[in-house]
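Peer 1: Letter by letter, the chains look like this.
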Amino acid sequence: MNASEDAHAAGRLGIWLFISTEIILFGGLFLLYSMYRLKNPADFHAGSLELNRVLGTLNTVILITSSLCVALAIDSLGKGRTRKSAWFVAATIACAFGFLIVKFFEWTAKFHHGLYPNAKVLLSLPKGENLFFGLYYLMTGLHGVHVIVGIGVLSVMLVRVLRGTITPQNPTYLVNSGLYWHLVDIIWIFLFPLFYLIT
Amino acid sequence: MATSTGVVDGALIYILAMSVLLLFLIVFFMIYFAVRYRASRNPVPSELPESPLIEAIWVIVPTLLVTTMFIYGLTGFRFLRSAPANSLVVKVYARQWSWLFEYDNGKKSADLIVPLGKNVRCELISADVIHGFYVPAFRIQQDAVPGLATYAWFNATTMGSYYILCSQYCGRRHSAMIAKLIVVPPDQFEAWRQGKKIEFTGASYANMPAGERLLYERGCVSCHSLEDNKMMGPPFKGLFGSQVVVTTAGVQRTVVADSAYIHKSIVDPGADIVSGFPNTMPPSKDVVSEDEIGRIISYLKGLK
Amino acid sequence: MAERETHESDYVPYFLHKGKYPGALGWLLATDHKRIGLLYLACIATFFSVAVIIGVIMRINMLPGHVILTAQQYNAAFTLHGIIMVFLVVIPAVPTIFGNFFLPILIGGRDMIFPRLNLFTWYLFVLGAVLALVSVFFGGGAVDTGWTFYVPFSLKTTVNVPLAVFAVFILGMSSILTGINIVTTVHQLRAPGMGFFRMPLSVWGFYATAWVQILATPIIGITMLLVVMERLFGIGVFDPAKGGDPLLYQHLFWIYSHPAVYIMILPAMGVISDIFPVFSRKNIYGYKMIAFSSLAIASVGSLVWGHHMYVSGQSDTAGIIFSLLTFLVAVPSAIKVFNWLATMYKGSIQVEPPFLYALSFIFLFSIGGLTGLFLGALSPNVQLHNTYFVVAHFHYVIFGGMGFGLAAAVHYWFPKMTGKMYNKPLSVVAWLVVFVGFNIFYFPMFILGWEGMPRRYYDYLPQFATLHQVASIGSFIMVAGLVLVAGNLLRGLVAGARAPANPWGGATLEWTLPSPPGQEDFEEIPVITHGPYEFDKKESGA
Ligand code: HEA
Ligand code: HEA
Ligand code: CUA
Ligand SMILES: [Cu+2]
Chain A
1 MNASEDAHAA GRLGIWLFIS TEIILFGGLF LLYSMYRLKN PADFHAGSLE LNRVLGTLNT
61 VILITSSLCV ALAIDSLGKG RTRKSAWFVA ATIACAFGFL IVKFFEWTAK FHHGLYPNAK
121 VLLSLPKGEN LFFGLYYLMT GLHGVHVIVG IGVLSVMLVR VLRGTITPQN PTYLVNSGLY
181 WHLVDIIWIF LFPLFYLIT
Chain B
1 MATSTGVVDG ALIYILAMSV LLLFLIVFFM IYFAVRYRAS RNPVPSELPE SPLIEAIWVI
61 VPTLLVTTMF IYGLTGFRFL RSAPANSLVV KVYARQWSWL FEYDNGKKSA DLIVPLGKNV
121 RCELISADVI HGFYVPAFRI QQDAVPGLAT YAWFNATTMG SYYILCSQYC GRRHSAMIAK
181 LIVVPPDQFE AWRQGKKIEF TGASYANMPA GERLLYERGC VSCHSLEDNK MMGPPFKGLF
241 GSQVVVTTAG VQRTVVADSA YIHKSIVDPG ADIVSGFPNT MPPSKDVVSE DEIGRIISYL
301 KGLK
Chain C
1 MAERETHESD YVPYFLHKGK YPGALGWLLA TDHKRIGLLY LACIATFFSV AVIIGVIMRI
61 NMLPGHVILT AQQYNAAFTL HGIIMVFLVV IPAVPTIFGN FFLPILIGGR DMIFPRLNLF
121 TWYLFVLGAV LALVSVFFGG GAVDTGWTFY VPFSLKTTVN VPLAVFAVFI LGMSSILTGI
181 NIVTTVHQLR APGMGFFRMP LSVWGFYATA WVQILATPII GITMLLVVME RLFGIGVFDP
241 AKGGDPLLYQ HLFWIYSHPA VYIMILPAMG VISDIFPVFS RKNIYGYKMI AFSSLAIASV
301 GSLVWGHHMY VSGQSDTAGI IFSLLTFLVA VPSAIKVFNW LATMYKGSIQ VEPPFLYALS
361 FIFLFSIGGL TGLFLGALSP NVQLHNTYFV VAHFHYVIFG GMGFGLAAAV HYWFPKMTGK
421 MYNKPLSVVA WLVVFVGFNI FYFPMFILGW EGMPRRYYDY LPQFATLHQV ASIGSFIMVA
481 GLVLVAGNLL RGLVAGARAP ANPWGGATLE WTLPSPPGQE DFEEIPVITH GPYEFDKKES
541 GA
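Protein chains in written order, with our numbering: chain A, 1 to 199; chain B, 1 to 304; chain C, 1 to 542.
No lab work stands behind these hints, which were simulated from the structure alone.
Everything numeric in this text was worked out from a predicted model, so none of it was measured.
A hint or two may mislead.
Stated by the list, open to error - Calculated lysine to any residue pairs in the SDA-like style (CA-CA distance at most 25 Å, straight line):
(1) A/K120 x B/A56
(2) C/K424 x B/P43
(3) B/K237 x C/Q72
(4) B/K108 x B/R295
(5) A/K127 x C/T466
(6) C/K156 x B/P235
(7) B/K285 x C/K156
Take these sequences, add in the hints, and give me the full structure.
Peer 2: Okay, here's the thing in structure tokens:
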């Protein structure tokens, strides 16, 4: 083993550990979700009908595409095609922005209907629906924060690939950012059915 | 004392005995080795070969020991957690920072008066935050959680007066959230419950005018001083007839503290919030009746 | 390994080394694990002093007839005392100070594997600490919720809960990243020949702790974030008025905070396991059992959180399961105690100051742990829950265990870290004062709790006055002892005699380095050929 392989392995282990902590972080919320769903099945059903499935599905497609892009970026880098790799990273970032824009419209629509915490309309609904929307904002919000962080990280990667500080011989940073981005994607894959589909 | 006292103490004393024994052995060997094998006396150490037998003993013996402790604790717990069906039911209202007890016929009391030798089931209801219903002498304790029905039960075996303490931290006057549990003969209890005026020795607020006594019994004084110092809520002295600045639905205005205003402040405290105070007063519909509010108001009238 | 005369000329102690940056910057931008360890030491010592002072003020308040605080101030005092002690002192102390300083050396590595991340965690730690302390002066005043932040009280109280809780979140992030750094370092940077079972047991302690840090801390992170959201936006997940369930909060809180008590004790146990063989001149008895019991504590220990909630209103079945598991997790601790004792058997024992602390660790931790059994048993817990018995239990385990373990570590590694030696006779006197004071202070609390004195009480019934008075006096004796301990160490630092490279005759790698080590720990990464406690092989030149 040479030094750079060592560093690569260490980085890999580090990022996997980090990803497990993220999963546990969301795990706490999933736990809350299941407990409350168990207690208020009908209200959760009603709440989930309020959500826009079309936009939800659109966002799912966008995120899966972005995950594919980042995978292709790593692949291209491995094959030594740096420019192509940079394009794929850029496409990932574009998808992330697209995701946020859709999310923005979804949230504003909810706000217009008075479906936000402490709003009169929401408070007048049954307790279970309050919980549903509380969790909806918390979980999609926290996920959104992760998307924003992802945009930041991927932008740095884009610059580094273009500058040539990430190279086919030294791809650790890009690979790890890709792993992080897959995580963001996977969390959404769980959120989507929980809020939009299961009724 | 109560039937639960002995049940819990049995387990406590068993674990205590085991612990003292173990601690004694550990300290004994520690000191013995340190003296017997001190470097000046035993300059050359000799290795002790690892022995699977010894190690197995170290796993198995403690495991068995703790299992007996577990079972002892479990039987006691089963006892504490299964109130007999024929119990006398008392509703216990816990609020910042007082207790109120309500009997099945609607009789309310600031002290928990119970008959000797009867099963009593206390159903705990919290109006605001979590409180702990704790009777050390009876070895019973249970949290009162808002939105959750919990209970504790006991069967008192000696007459006397005991403390009820709040064991779950609940804010500024947590340590003053104390009531009395008074065990009396069953016939006296029955008479008292039916409305006969009896002052039991040890009861908290005997010999006060009705209105003042209510302020104590229902816990108002834990936030409101009857003098003119500010506590959690505005002081009561001179309140009646004075001008009060309040915020109603976000708008500030000045009102006169007349009977109607005070009535509203008690029933729906969130409606007019006195400026300079947080909106923390619990709504008191459950703890004071219309009749009692009237008596409180007439007491406040005289409090100049 | 031969002494390193050949390189004597270019050897400069690590703290005098001129790196890239001069002066204070050389510390604030340090990536050297030894310097970062000292940065943590400086901060943690400061916070500890603050919390000790708060504790003593509380004790003065508890002297009969000496009320000096208002109820609100007292509530803020124990909350702040608890928050500082738990989140700023005991959870980080051993892993960040000694883990940083010694872990890389003990496994023959170059540094921590992510040196810059390591520095970053220190900054996060400082940020979290500053936020926690600043929260006292802003937005409604000092938190008065207790260190457990139970809802719905923490949602209702008018004080600055959001900032304090957010500070805990930041501290959690720092703790997670430290854990990741330690696990990765242990996996990647062990010197050639340093198999897992040749690692000193302190490394096992750090390693098991790091796993708990990684796996449990995110839960407190999300829980604290939820409290912040609840305060700021009224989301409602914990608010009974909106359908939320306060018990879920307690579950989430203890899912982290019970494992956190093992974060506190495991590294201390590791250090103790290193000290016993050194002063008994014998191999540790049952190395593998001790190593595996650390992992057992770390794993089973994460399943027992509900023992804090027997009377909270959780289901009785849950309580029964949690009780059973609680008892099972006591067994690995018992195994360790027995193994330490067996290590002394037929040894050649020298009772030096570090060993004195290690021996008293066993005594105090045993009392603390055995009283944990009272609390773990279902029906006794109903009587003892939330009383001073619990206060006594955790001061015995945390402070008698982790605190005395920390003191043992300080006295053990002080010569290595500073190159100086403290005054040994004086340190024995100081130990005696602390030890006696400790027991006068905390033992009466067991009796108070047994008799029904609830904790977090500003005021108490007259029947408890005498024991409170005894406890307060004990606390003053103990603080006098602490001043002696600290004074002796500081005097040693300034004016102590020069310490040799290996004052205790240890066989682990740190003793092969000069005292204090140079900037580079090892000129050449060593090759390991024997276990950490094979004292006879040490001289023979491995
Ligand atoms: C370093 C921290 C630490 C450690 C190591 C422990 C260790 C243990 N703790 Fe403790 N505990 C706390 C810190 C710690 N605790 C804190 C801070 C609280 C209060 C939180 C709060 O509410 O604010 C608390 C509260 C607490 C409670 C809840 C009390 C309540 O509020 O009702 C319980 C209940 O089960 C408990 C049990 C135990 C047990 C069984 C162990 C066991 O792991 C102990 C194992 C050790 C031994 C058993 C002793 C050594 C062995 C021998 C002497 C050999 C013989 C032994 C046998 C045969 C078994 N602890
Ligand atoms: C590490 C944890 C820790 C430590 C060290 C202490 C130290 C002290 N504690 Fe404790 N305490 C807690 C953690 C700790 N505490 C927690 C978590 C709570 C619960 C809070 C809550 O309810 O929310 C609590 C609660 C608590 C209460 C109960 C409050 C109540 O319920 O009403 C009291 C009451 O007296 C108290 C007093 C003290 C005092 C006087 C000290 C100290 O002042 C004692 C003085 C210490 C020394 C003199 C040190 C001795 C020296 C050595 C061991 C060697 C030196 C070491 C090195 C060189 C490294 N504390
Ligand atoms: Cu009510 Cu404490
Ligand atoms: Cu615990």
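Peer 1: A separate judgement is required for each hint: does it hold in the structure or not?
Peer 2: Hints, one by one, checked against the model:
In summary, the hint linking A/K120 to B/A56 is not supported, as the alpha carbons are separated by about 65 Å, beyond the 25 Å threshold. Between the alpha carbons of C/K424 and B/P43 the distance comes to roughly 22 Å, so the proposed pair stays at or under 25 Å and holds. Distance check on the hinted pair: B/K237 and C/Q72 sit about 23 Å apart at the alpha-carbon level, within 25 Å; holds. Between B/K108 and B/R295 the alpha-carbon distance is near 15 Å, which keeps this suggested pair within the 25 Å criterion.
The hinted pair formed by A/K127 and C/T466 fails the criterion: a straight-line CA distance of about 50 Å is larger than 25 Å. A hinted pair counts as satisfied when its Cα atoms are at most 25 Å apart, and C/K156 with B/P235 qualifies at roughly 21 Å. For the given pair, B/K285 sits about 20 Å from C/K156 by alpha-carbon distance, which is consistent with the 25 Å threshold.
Hints 1 and 5 from the list above are not met by this structure, while the remaining hints are.
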